[in-house]
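Chemist: Okay, here's what each chain looks like letter by letter:
2 protein chains.
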Amino acid sequence: MEADPTLRLRVFDLNCWAIRYLSKRRQERVRLIGDTLRREGFDLVLLQEVWSERDYRDLKAKLGGCYPFSHYFRSGVIGSGLCVFSKFPILDTLLYQYSLNGYPYMLQHGDWFCGKSVGLVIIKISGIIFNVYVTHLHAEYCREKDAYLPHRLVQAWELAQFIRHTSKAADVVLLGGDLNMHPEDVGIRLLRGWTGLRDAFAEATRFEGCEDGCTLVPNNCFTVKAELLPFPLGIRIDYILYKAISSFTVKCEELKTTTGTAPGMDIPFSDHEAVMATLHIQKQGQAVGAGLGAAELTLVDVVTEARTEVGVGLRAAQRQRYSAGRMAVLAALGVLAGLAAGQPFPKLSFSLLAFLAVGVLLLSTGLHLFHTMEVKMLQGTEEQMRMALRVLQERLSDG
Amino acid sequence: MEADPTLRLRVFDLNCWAIRYLSKRRQERVRLIGDTLRREGFDLVLLQEVWSERDYRDLKAKLGGCYPFSHYFRSGVIGSGLCVFSKFPILDTLLYQYSLNGYPYMLQHGDWFCGKSVGLVIIKISGIIFNVYVTHLHAEYCREKDAYLPHRLVQAWELAQFIRHTSKAADVVLLGGDLNMHPEDVGIRLLRGWTGLRDAFAEATRFEGCEDGCTLVPNNCFTVKAELLPFPLGIRIDYILYKAISSFTVKCEELKTTTGTAPGMDIPFSDHEAVMATLHIQKQGQAVGAGLGAAELTLVDVVTEARTEVGVGLRAAQRQRYSAGRMAVLAALGVLAGLAAGQPFPKLSFSLLAFLAVGVLLLSTGLHLFHTMEVKMLQGTEEQMRMALRVLQERLSDG
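So the sequences go chain by chain: B and P. Using this note's numbering, count along the first sequence one by one with no gaps and you end on 399. Using this note's numbering, count along the second sequence one by one with no gaps and you end on 399.
Mixed in with the good hints, there may be bad ones.
The list cannot tell twin chains apart, which means a pair is met if one copy fits it or any two copies do.
[To be verified] Using 20 Å as the maximum straight-line C-alpha spacing, the simulated PhoX-like pairs for lysine-lysine come out as follows:
(1) 24 to 87
(2) 243 to 168
(3) 168 to 124
Quick caveat, the hints were computed from the structure, so don't treat them as lab data. If you're wondering where the values come from, they're calculated on a predicted model, not measured in any experiment.
Given only the sequences and the hints, what does the whole structure look like? Please build it.
Modeler: Structure (structure tokens):
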């Protein structure tokens, strides 16, 4: 490969849906994923939702011969679920945790308890520096009334900022992961616009797999069919994105997805389809300058749109903070009134009421603190976006 | 300044100790800090422990004329306490939260509740890109038996990694803040070695201020005298560090500290002394290559030493995780036994015992989760350090 002026890189990306005790046929699927990765011999493997460190260690043991380098990103109590396997040496790693990740009281979704984050590994292949990012953003759950949109936008913004700030010495940037957004969503447009990353599916010379490149499809036996009712073909929410920074070009020769079942098997790898890209990286004569123009104008629109959505989320968070605060004050007054009045009720009901009032007080205080933090993070993101718009507009008026 | 081949930059750094309801004479001191900053007209002001956003807004209103650009880093419920005022436009910002920050049950120290983090602002002055970092690491509290050393080392490592990964397009890197470590401590040596940052105090041509550059001194009326008993001169824990990345050189012409009271006043700005540096930045003919040699060998030693300390912390955390887990199991058994036995005790003592058992169960489960997270973060850091040592040793054997 050293002698070849063109580097060919095969990348595998999959949300593995490997949650102990919860995901169906987990061990069987993890074994299947491991067997396939060993057989196919990709150059780079980016996995999400490997929540159990034991699953990672099993994969590592199985893949050691084919992928001698790997990294598991640890974070929070549960972990980040992110890991990378590589044929080439990993030189360095860094993990960044998103500041917002859903609501603690949405227990059925559980996102809040997982340390959603973005992992960076730096890999050098034939003298070319690759900054490889793997991430998993907050899920959508309900497209019509998407309460999580502002949180996902904050995550998309933080992801874009983290990539921009850490990739300045890279020759090539790769991002793989479950972004939980449709290709035309404002978060994807923001991420792509603000980082300059290109979508391997849109750029691919050849494509093979689910129609429209969908990665959550009805004919995968593990997907929840009701959630996909509005989308008969499925949805595309798992991505491989890339760009060349300095004097390199990257082209996507081929993009593939699995199609509901693992190749040659009777069950799928996961409830998500795997995305597999073959990239061509070539050195070119001179560095491409960052030209101004149409792209910048579109970017101003996208950042403005995202900022508006974050503003909507901010006002909702401010309302919720106020409600939780008022509830806490009322509960505190209730507790005090009960104490002052002695025991006007029979003993048992009094104890129950006191318990209830104290419970409500604790809960609403906790909620108030949570929404206070949420307000701060949304304000911070809105301010950063405002700063970005100022800088963009200055560049446009200068250029 | 555009025409001058040498750029002269005056930097001010201070831990403001501005905690509402807790810090003595806070409002008076914040006013004093604002007045001095306006009068002195520094180029860059890096503040820590500005916990109240209202204090920031008051400063911003007062300093708008002299420092038209500023940024307050929001994070967590309480915030990061970090802010920056600048004469020159701030182009971009990024905040990174450390993964470990003391113990939730050490209520008297309270660090756990503050979102300890490092803020980055990017500033362009006369075409030179400055990456300016401001941070505040976990305090020490007890030097003899420093239970927080592993956490502070994780923070120092994460700070160094964050600076390395985000500063690759910078011409000059500046770091100001309360690092809560003595100059010879392993954390400072790790930070300096791993980033290449130099200590303005050690490099300064002229120095004026507290002996040995101390920033926590006995003749500051707000310092806790008992804590400084082993150090009659005080200790130096607030720093301005710098380095030039590309074809620039930075020199520290002058370093000053306040000396217990604010210049011309009868009270100090804070319980910490302010650090003020005058830096000379000059373009030089060619970029300085990253030479191998003595520095790399020292670095191997420092990273090894830090890794040993993190390993000690890891084993302590594993023991504490085990104890908390065992306690949780015992408490759960107690609750179950009580339920099974009916009420062998008089009613009141039974209720009290049940309450106690449930309380212990909740508490020990919480502790178990916390130490699980602590173990993961310490393991993660140890692994990153091992990777760093591998890369360093490969470079040494290649070079």
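Chemist: I'd like to know which numbered hints this structure contradicts. Please list them from smallest to largest.
Modeler: 1
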